[in-house]
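Colleague: Read top to bottom, the protein sequences are chains A and B. The first sequence begins at 1 in the working numbering and counts up by one. The second sequence begins at 1 in the working numbering and counts up by one.
To be clear, the hints were calculated from the coordinates, so they are not data collected in a lab. Keep in mind the model is a prediction, meaning the values are calculated, not measured. Using N, Cα and C, we set each Cβ at its ideal position, and we do this for glycine too.
Restraint-style ranges between C-beta atoms, simulated for each label pair:
(1) Gly342(B) with Lys80(A): 39 to 49 Å
(2) Asp408(B) with Arg68(A): 29 to 39 Å
(3) Arg288(B) with Lys80(A): 42 to 52 Å
Derived coverage of chain B by chain A (criterion: at least 3 residues anywhere in the stretch with Cβ under 8 Å from a Cβ of chain A; other residues may be distant):
(4) 272–280
(5) 386–399
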Amino acid sequence: MNLSKFFKNAFLVMLACLVLSACATKKVQNQMQGDVYTGTDTVEYLASGVPDRVFFATNESVLTTASRDTLRKQAEWLRKNSKVNVVLEGHADERGTREYNLALGERRANAAKDYLMTYGISGNRISVISYGKERPVDSGSNPLAWSKNRRSVTVKAN
Amino acid sequence: MIKKITLLIIILILYTTKLHALIEVDITRGNLDPLPIAVSPLSADKNTNDKLKKELNINKIGNKISEVVENNLKNSGLFNPLNKDAFLQKPDIAHLKPRFEDWSLIKAQALITGKVTLSEDKLRVEFRLWDVLAAKEMMALAFTTVPSNWRRVGHIITDKVYERLTGEKGYFDTRIIYVAEEGPKTKRVKKLAIMDQDGSNTKYLTLGNELVLTPRFNPTNQMVTYLSYFRNLPRVYLLDIETGVQEVVGDFPGMTFAPRFSPDGKKIIMSFAMDGNSDIYTMDLENRIVDRITNHPSIDTSPSYSPDGKFICFNSDRSGYQQIYVMKKDGTNVKRISFGKGLYGTPVWSPRGDLIAFTKLHKGKFYIGVMRTDGSGERLLTENYYQEAPSWSPNGRVLIFYRETKTDTQGKGFSAKLWSIDLTGYNERMVKTESDASDPSWSSLLSN
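This is chain A alone, in the form it adopts within the complex:
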């Protein structure tokens, strides 16, 4: 009885290891964590070391750890360049209805705006626009393309 329990546990642990390692390899291959894009293919830079965009999970507007890191770099750069105003462009992937996606893009861009504001950037310097699913960066119909398209992009307005 005890022995079989031990084997069962050992088996579960091995299974868990296998699953985790499988996930790890998948992450590298797909440039995704969960379904959030973690690659750099489409990323442009506001300045050296300051990425212009953050990515979101499907139907979500929650900022990931990586997104918050990027936005803190943007905030720091904006503090140093106090004359620059920005537009935050919120986007959704193609797997949703057009009108809902417009609202979702607006929600994502505002999540980024709120975070920049908590790091001392005045709301007056930030405007927000949602493009919904209208302006994908990747025209593919696959999970990786969709993950690149779920984004908020910080663009210099002046």
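We have chain A; now place chain B onto it with these hints.
Modeller: Using the frame of chain A, we list chain B on its own:
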């Protein structure tokens, strides 16, 4: 821009029978057994043909009008127009007195005949609908109009025939406003376009300089409301398609979107997004008063009024995911009505009032479906990779929507097309457009 429509309908009731028709089309079954109907070319004398050829470059106007009728009837899925090659009787003779044996020989159950004459630059079109089996005339009408309106005459004839044989109003003398699309998926150029319900007479209403989305007809006149990114400020606009005059709706400090008219055409209901939250508002077009209808930290969008104007269905993710809700017109009594598996969006109230059409996303597939207004009786009509945004025909029989294709591994092969489907789930077909197309909205009947 849009030519002023000056259709004078002088309906001379030559003869109307009060007898019950022996033939009837069962519209609840879809196209399982479409009614065989013979649409005889309308007869026209030589003088009429010559003059129309010279002035409008139309050859054989009678044939042209009958082709419009035939095409409409076929596309409805309820009729099977018979091949004209099999017709034995000449159009002018048939119009006077059909030899019913000849028509029943080719299995026609109904027959349409007609005559076109031109006098004082006005086109006079008369037609008759005959019950072949009962050997009786069912209906006879005549219209007078300007010659350039000849296609509309064909649509009106179809409406009359459809109404006589199905007992319901037709939807043929109508137009579709939609978004014409071109260019790569990442940089789509979009223009407002309008066409007749059968795909003819396409006209472009904007130039494509700014992104435009979701045009919707006013059910009472020729106004349209839509979303435009003019000057990179996404706002709801109002456009008069007769005059081309457009104006922004309201003075909102952020994005307004998802507009639709109230059934009386006097209000616009839409979403306004501010600080990451979208709520539903109305604006009265006469006194410009803005009312806030929902006030909830979730996304509230895609509002649509019931035909009596007393209720509003809308899309909200207040439960965590997109679902369909119904509330009173003042925003009280909010009730969720969609409880099936998956996400629900774009609810649109049927003009008959009994159903709500929607888009559903479940396990990576998109469906167009209908449910009763309390959420019961959900019926999915069509499944595809991507399709959404149904719009009702004015008689509530047909839904038009758009469908996008999946791209290949290189991101190529994208297209967007309009499709229509009968409420029964039958007769799914592509609606031809000059370019790629999306966001269709069906007008009311232009004439009644």
